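Novice: Read in numbering that gives the first Met the number 0, the sequence shown has 397 at position 398, and its numbers run on one by one without any break.
Derived by calculation from the structure, the hints in this document are not laboratory data. Among these hints, one or two may not hold up.
Distance condition first, Cα-Cα at most 30 Å in a straight line; then the derived DSBU-like pairs of lysine-lysine [as the list claims (entries may be wrong)]: (1) K245 x K204; (2) K356 x K306; (3) K315 x K356; (4) K347 x K263; (5) K347 x K315.
Simulated DEER-style distance windows between Cβ atoms [stated by the list, open to error]: (6) M266 x Q189: 18 to 28 Å; (7) Q230 x F343: 49 to 59 Å; (8) I226 x M266: 32 to 42 Å; (9) N68 x R182: 49 to 59 Å; (10) R255 x V127: 26 to 36 Å; (11) Q439 x P330: 39 to 49 Å; (12) R182 x S261: 38 to 48 Å; (13) D252 x F58: 56 to 66 Å; (14) I226 x H389: 48 to 58 Å; (15) G174 x R255: 46 to 56 Å; (16) F58 x R182: 25 to 35 Å; (17) H66 x F325: 19 to 29 Å.
Please read these numbers as outputs of a predicted model, since none were measured by experiment. All residues carry an ideal CB built from backbone N, CA and C; glycine is no exception.
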Amino acid sequence: MQIEVIVLAAGQGTRMTSRIPKVLHTVGGKPMLTRVLETVNSLSPSQTHVVIGDNASGFHSLYDEFHVNWVHQSEQLGTGHAVLQALPYLNEGSHALVVYGDCPLVKPSTLKRCTVEGQDGVGLVSAVVPDPFGLGRIIRNPSGEVEAIIEQTDISSDQCAIDEINSGILSASVGFLSEYLPRLTDNNAQGEIYLTDLVAEAVSKGVQVNAIQATDYREVLGVNDRIQLAQVERIFQQRQAEDLMKQGVSIADPSRFDCRGSVKAGMDCSMDINVILEGDIELGDNVQIGSNCILRNVQIASNTIIKENTVIEDAKIGRECSVGPFARIRPGTTLDDNVGIGNFVEIKNSQLASGVKAAHLAYLGDTEIGTDTNIGAGAITCNYDGKDKHRTIIGDNVFIGSNSSLIAPITIESGSAVAAGSSITRNVDTDALVIERAEQRVVKGGGTRFRRR
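With the hints as extra help, turn the sequences into a complete structure.
Specialist: So this is what it looks like as structure tokens:
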């Protein structure tokens, strides 16, 4: 069966109170439309048509990888009208699946079931919800067969108690849509052409209508305002947390966890509260992530501890390292095994060999550091001269004293030591001790005169 997908994404989203088109608001770090397109792509459709309004023009380039056919709906005259705009682009022998760009939680398995049920007529996705107010209800006859869908604005008092709602997701042959869609009218309270009216039309013509219920009603939730956006975000994050816990990751509180990318985790990893994972994350076994940490495109090897309030971005961390608390590891950084990075240490575009220690209050930018070197508190590499960046090379088993400034480009050879408080501007030979300080002066009685001044 050749499937073509129609994604309805033309809603203005005025209740979002935003200049951003509704479907571009994010869930899990990606626009809702992106998540919907990724889901429908799993069905391998022959073509995907996205119906957008005039306010959505200009973001086409964001979706080149999906090979989307963009369809414009200048006037928002209902879901049926939106599908009518896409109808001329569909192949007559195809099967159409209609989904919504503001429904980012729908699962591929649900869409597959819907297309199967619609092979010989019309397939619908319904759900039983705790509070159906505002949603279209599935009307069944005494035999349990679907005979109509009634929108909230047109519902009778007797029908208000119905808790099976229409998700809006629908499948049917293109031939069926071509025959029956043009017959629909806007004779309703909203003055719109409802796609759901196809159901009554199909029933009246003896066409089979099959409604499959979503296993979890939350997957068909749509987003119309920022409150609903936040609710959908938490549902999405709960899914992410549950998936990781099934892989063997301990998460202290899934309600205070955010994953906005993809995660591969080994066994017995743990994450404290308020951890945010973005981009591509790879964790070895027994990696411990402390509270309030942010990891973005990071690889962390086994038995490493990331302590609380640490930010790591585009970096690789080796085995049995300790990083943080309050450390910042910036892009281009690689830490080999057994590296210790303490509080308020910032590292950028640097490579630290095994056994390096920088316990506190240091900045290391554009630096290569050899094995078992110690970086004292307050030490910095001065890598920027106002125009260009320069590298600092530090050998093995070097001692950099506290509050030292290494002014790049510079090389500190292995086995050497830099005395605390030194500003080093020239290369340092192997096994040398370098002291670069102004001479200390003592003025007797100067303290009294200073305080008087």
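Novice: Could you run down the list of hints and mark each one as holding or not?
Specialist: Quick rundown of the hints versus the structure:
The straight-line distance between the Cα atoms of K245 and K204 is roughly 48 Å, outside the 30 Å bound, and the hint therefore fails. Between K356 and K306, the direct Cα distance comes to roughly 15 Å. Compliance with the 30 Å bound is thereby established for this hinted pair. Of the pairs offered as hints, the one joining K315 and K356 holds, with about 16 Å between alpha carbons and a cut-off of 30 Å not exceeded. Annotation: proposed proximity of K347 to K263 holds, straight-line Cα distance about 25 Å (limit 30 Å).
In summary, the hint linking K347 to K315 is supported, as the alpha carbons are separated by about 12 Å, within the 30 Å threshold. At about 54 Å, the CB distance of M266 to Q189 disagrees with the hint of 18 to 28 Å. Evaluation of the 49 to 59 Å hint for Q230 and F343 yields a failure: the beta carbon distance comes to about 37 Å. Distance hint for I226 and M266: a CB-CB separation of about 38 Å, consistent with the stated range 32 to 42 Å.
Range check, N68 to R182: about 25 Å between beta-carbon atoms, so the 49 to 59 Å window is missed. Against the hinted window of 26 to 36 Å, the Cβ-Cβ separation of R255 and V127 comes to about 29 Å, which satisfies the hint. In this structure the supplied range 39 to 49 Å holds for Q439 paired with P330, their Cβ-Cβ distance being about 41 Å. Range check, R182 to S261: about 46 Å between beta-carbon atoms, so the 38 to 48 Å window is met.
Take D252 and F58: their Cβ atoms lie about 35 Å apart, and the range 56 to 66 Å is violated. At about 51 Å, the beta-carbon gap between I226 and H389 stays in the expected band of 48 to 58 Å. The hinted range of 46 to 56 Å is satisfied by G174 and R255, whose Cβ atoms lie roughly 51 Å apart. A C-beta distance of roughly 34 Å is found between F58 and R182, which places it inside the suggested range of 25 to 35 Å.
In this structure, H66 and F325 break the distance hint of 19 to 29 Å, their C-beta atoms being roughly 45 Å apart.
Checked against the numbered hints given earlier, this structure breaks hints 1, 6, 7, 9, 13, 17; the rest are met.
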